[in-house]
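S.K.: Add chain F to chain Z, keeping to what the hints say.
If you read the protein sequences in the order shown, they are chains Z and F.
Going by the numbering used here, the first residue of the first sequence is number 1, and it counts up by one from there.
Going by the numbering used here, the first residue of the second sequence is number 1, and it counts up by one from there.
One or more hints might be untrue.
As the list claims (entries may be wrong) - Each pair of labels, with its calculated beta carbon distance range:
| id | chain 1 | residue 1 | chain 2 | residue 2 | range |
| --- | --- | --- | --- | --- | --- |
| 1 | Z | C85 | F | S45 | 23 to 31 Å |
| 2 | Z | D93 | F | E73 | 31 to 39 Å |
| 3 | F | E16 | Z | E16 | 42 to 50 Å |
| 4 | F | V23 | Z | D70 | 38 to 46 Å |
What the hints assert, rightly or not - Covered stretches of chain F, as calculated for chain Z (at least 3 residues, CB under 8 Å):
| id | stretch |
| --- | --- |
| 5 | 6-15 |
| 6 | 25-38 |
| 7 | 55-66 |
FYI, nobody ran anything at the bench for these hints, they're computed from the structure.
We put the beta carbon where it would ideally sit given N, CA and C, even for glycine.
As a plain string of letters, each chain reads:
There are 2 protein chains.
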Amino acid sequence: MELAELQDVIERTYGERDRARGVSATVAWLAEEIGELAQAVRKGSEEQQLHEFGDVVAWVATLANQQGIDLTEAVQRYADGCPRCGTIPCGCD
Amino acid sequence: MELAELQDVIERTYGERDRARGVSATVAWLAEEIGELAQAVRKGSEEQQLHEFGDVVAWVATLANQQGIDLTEAVQRYADGCPRCGTIPCGCD
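Here chain Z stands alone, though its shape is the one from the complex:
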């Protein structure tokens, strides 16, 4: 699935409920998922990590939907390498 498809399915699956809860609740939930990902990376199985990475990206997609942000456009800054120095590999200090 591409980011645009993910944002679309997340909107159709959770959009109405997410909007009812509000943006602050989504930020809080994303923070919780980041904690779960940090734990999975430290001591989880590959399956658990796959699960938590999926959840984090899904919650980022939820927040992006609430804010009207296109994630595909957002990551485009990295398409040609480092956004600061513009090179691959990054040549920043």
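M.R.: Coordinates of chain F only, in the frame set by chain Z:
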């Protein structure tokens, strides 16, 4: 850019340096970026939000690269709607 392309360009741009710093440093950096995103959502412009959403997804891609996780596979859990109840819209309590 799709998630697989993002993971590839992030690997070529930052992979060597990221591996030298280690996984804990990436988790810490991701946490910092989540904080910046939370602030941008609360009081930032659309441009600032676009910037911070891009940074968060890029750091998730960095961490996924370090852990050998394919983000496209990770988000596939959401392809058919809610992974718990399996419906669109979500019917979980």
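S.K.: Now, for every hint given, state plainly whether the structure supports it.
M.R.: Verification of the hints:
1. Z:C85 x F:S45: 23 to 31 Å: Given about 24 Å between the Cβ atoms, the range holds.
2. Z:D93 x F:E73: 31 to 39 Å: This hint holds: roughly 35 Å between Cβ atoms.
3. F:E16 x Z:E16: 42 to 50 Å: The hint (42 to 50 Å, Cβ to Cβ) holds, given that E16 of chain F and E16 of chain Z are roughly 44 Å apart.
4. F:V23 x Z:D70: 38 to 46 Å: 30 Å, violated
5. 6-15: holds (count 7)
6. 25-38: Per the Cβ count (6), the hint holds.
7. 55-66: With 6 residues closer than 8 Å to chain Z, the stretch 55-66 of chain F meets the three-residue bar; holds.
Hint compliance for this structure: hint 4 alone is broken.
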